[in-house]
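Chemist: With chain W fixed as given, assemble chain D onto it according to the hints.
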Amino acid sequence: MSHEEIYFYSFVYMMLLLGGSAFGLIGFVALLKRKRHGLAWLLFVGLIAADLLAYGSKALPYATQTRGGLLFSDTKKPFTLAERRKERLFFEDPRFRYFRPPLYQEFSAFDLATLDYFVILHGTKFSPSNLISQVLDGEYLFQGEATEKNVLEFIQMGRSSYEQWGRPKQLAYLGFLDILLQDIMQQEAFYGLFTGFGELAFGLKSDIDTGFVSILAGAATWPQKNDAVEKFERLLNLNLGMRPEWLGEIVRKGFRDDSPFVERIKAHAHEYTQVSTAQYLVDLWYRYRLRDVNSLVRFKDYNQIADLFERPVLSPQIKSIRSRIRQDLAISAPMIRFFSSARILPYGQYYEQLSGGKLANDQLYIESRSPQAAHAQDPRAGNPAFSYQVVSYNPNRLKIAYGARQGGFLYFSDGYDRYWKASVDGLKTGVYKANGAFKAISIPAGSHVVEFVYDPVWYRLSLWLYYTVTIACILFLIFRIPKPACAPASMPEGSSQPPPL
Amino acid sequence: MLRMKFDAYTLTAQSRKRYEALAVALACAALLAVSYSVLFSCRRMFEHDTIWGYGLMHYFFNSLMQGVFPYWDPYDYAGQPFYYNLGISRIFEAPTMLLVGINSLINGSLLSLYHLDFILKVICAAVGTYLCFRQTTTYVVSNLVVLVAFLFSSFTFASMVQCGLVTSFSWTPWILWFFLRLKKSLTLYNVVGFSLFLGLSMTSYQTGYVLTFLQIFILSLVLNHRSWFAAIARDKKCIPLLLVGLLIVGAFSLQLFAVYIEKENSVPVLRQMDNADGVSSYADKLGGSPSYPHDFLGLVLPPLAIQGWRGSNIGLHMEKKGDQWLPPMSECPFYIGILPLLLVFLGLMRSRHEYRLNFFLLLVATVVLSGGLHLKAGPWGNLLFPFLLYARNMEMFQPFIIFSLMYFVGQGTDALLSWSKKYES
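Residue numbers (my numbering), protein chains in the order written: chain W, 47 to 547; chain D, 70 to 494.
Extracted from the complex, chain W is given alone in its bound form (with noise of 0.2 Å):
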């Protein structure tokens, strides 16, 4: 609806409102003077409770979202929360839990949007983190094509091969036309440069929530296919209206190539267009990834590396200095790694010297403010035996069991906090901030076990502590009710009537 439609229809129902509640005021009145008081108030606020409910049924709808257009299950029963934990919760092998990061926050409202499917269908798991998985290791259904078409050619591939494929592949297909969409709806650049981008991207998502919903009915054919590509197409190419008002800037500007606009513009273009799928799904994981380490980066004020990151993909600097943060996050690479040694960096240095270039791909560096409290080994000693096996964990506490030929330190590339505890066979060791924003320890040589702990010792009293004055208090008003006659009255001015307690 426009503008004016709408402030039409404001003008017609406040007239449908007023004119109701003239009437409604008329016989409220109309039964005073008959003495029916009762009626005439259960009038009164009969009135309010229709007006009142009419509004809140009207705004529900846009105030909500649907759940995906499905229900639960197509038995129309929900799952079970045992199964759903099954499905959602990746605590069964903690060493591949980065591997299928839940993606909270700003995520989370488009997975949760497209939860159902991950329920529904049983063995075929879509997620971000779980297509990319599938690519990492070579396993995914489009492997060979993933490869060798850029975005756009892969998407219009189904225009053609879609009816050819297999259930499986059509789900694939369609999970990674929602994969996509969802990145695309993150970019803050489709929303402030194009007009319509919303109302073409929601189409969109309808068309492949129909894909899905025509798969589970056992239909071979998805009639808004066609729709769906074409306007992929248009998306992906650009070729969409510009915002009027960004596009007197750009004209404004002269089209000039460090514009910022056209510089986003290219990015998105480039990164669709010229980039293999596969490439694309593995740099999607790490864009979201690297936003987090953004963030994290940000709040420790380095305002400047952060502010590099924001910068289109298209700068070689950003590029080198991803790919040093990819090495970082361990992504490609097991959570626990073993090193034999370890450079020392000031406190606070890490930053600034990735940024200049200066760190090794393959080596830890730790921060420490007591230099002499880390043990550094000889770089060339190689990398000797080092197994490892995880006793126990939950999300406060890691269990490790390990093995190693000599001593070293060992590298848990899960975020850093003061409050994390480690020790080596129940002996207390130091916990070191490595590789910038993770952790490490120093381990002696042999067979040990190790464990990390996390006790933020503040806030667990003030929790503790929290909980027993809530209670404490509650017992204390449900208890000490002062009876109505010790509570005194004030009387409103003007009146000589009592007010109810």
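Please keep in mind that the hints were generated in silico from the structure rather than gathered at the bench. Source: prediction; values computed, not measured. In this text, a Cβ means the ideal position worked out from N, Cα and C, and glycines have one as well. Some clues are possibly wrong.
[To be verified] Derived list of chain D stretches under chain W, where covered just means 3 residues or more per stretch with a C-beta under 8 Å from a C-beta of chain W:
#	segment
1	105 to 113
2	222 to 232
3	261 to 272
4	324 to 331
5	367 to 375
Modeler: Chain D alone, transformed into the frame defined by chain W:
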């Protein structure tokens, strides 16, 4: 009910508590019924900021099921303290924990539980509003009008989009309820109640709005209730009771401090509290998201309170419904019903209640603050409203404005009832 005499609603209502409780329960049940598609049929879900918090709930719940209270979140920010989030989501609060416990027994849908938790918070705020204004209205029916108007106001539905509204406001009516009781009678009971709910509000990083609201109300009492301050100062119980109150509030505040001391490390949640580092809203001079004139127009044009016309929201959450595209709801629309709005004007004109001036000032001040106008006052804005240094989105004053309006709804209904009584004889 229809056969009840008019007296049943007025001064003799004390003997009609059952009917009153029934009416309150019915109103609350009506809200649950309106939210049927969200709570029971599971066809719809919250969106925008409100649904983003679901990830936290999901992780929290599953960790509790493993027998662990999670302090660490291995997923966000490449691993970060989970407790940083608790101040936003407030999922650790006792009512939520109770729901989680019940849900683990019945094995219900966690997403529905999350929705139910939010709706119950709204109901909790509405019941608090009811209790609070029972002290200011003369007639019970006035208060029922207040309850209905509040429960189905735009606050409830906007909370499904912007969770901050309910998480920042939910305990405020209870605080004010006990404050009004405290003003009548300085007892340990009232001090404990006031401190408990103020303390509960202090466990959220959004406490700045609550404290500012209280600040305005208490300062306004200087204008017309100076004698109360003098009486308090003379009262011998004052010091020990003040100490009790401070101890309770202090105990709750420790939670904020435990997070605040980490602000130099990694502070996504408390970023608003660190004004000096340029991350907070103050640096951009915008005050985050303020209320817009369009939002207030919704008071008389309800379709505007349904379809927000906030440029920043357009296109973000559009959804196709049949042939129509539904734009998003504004994060802070205003609508309390047409008749309640008329009652507000009646209340403004006819009320002789002792707090009418205070609530009027509260209303004006919160409207001004919700537009972020104090930011234009430069350093004076900081001096006048120091707690807002720790607040970002001024639109969060929406429920506080609606709450102030509810006072006048009650006063207006009182005036109408007094007028209608002349037909009794």
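Chemist: Would you mind marking each hint as holding or not holding in the structure?
Modeler: Cross-check of the supplied hints:
{"no.": "1", "hint": "105 to 113", "result": "holds (count 5)"}
{"no.": "2", "hint": "222 to 232", "result": "holds (count 7)"}
{"no.": "3", "hint": "261 to 272", "result": "holds (count 7)"}
{"no.": "4", "hint": "324 to 331", "result": "holds (count 5)"}
{"no.": "5", "hint": "367 to 375", "result": "holds (count 7)"}
In this structure, every one of the numbered hints holds.
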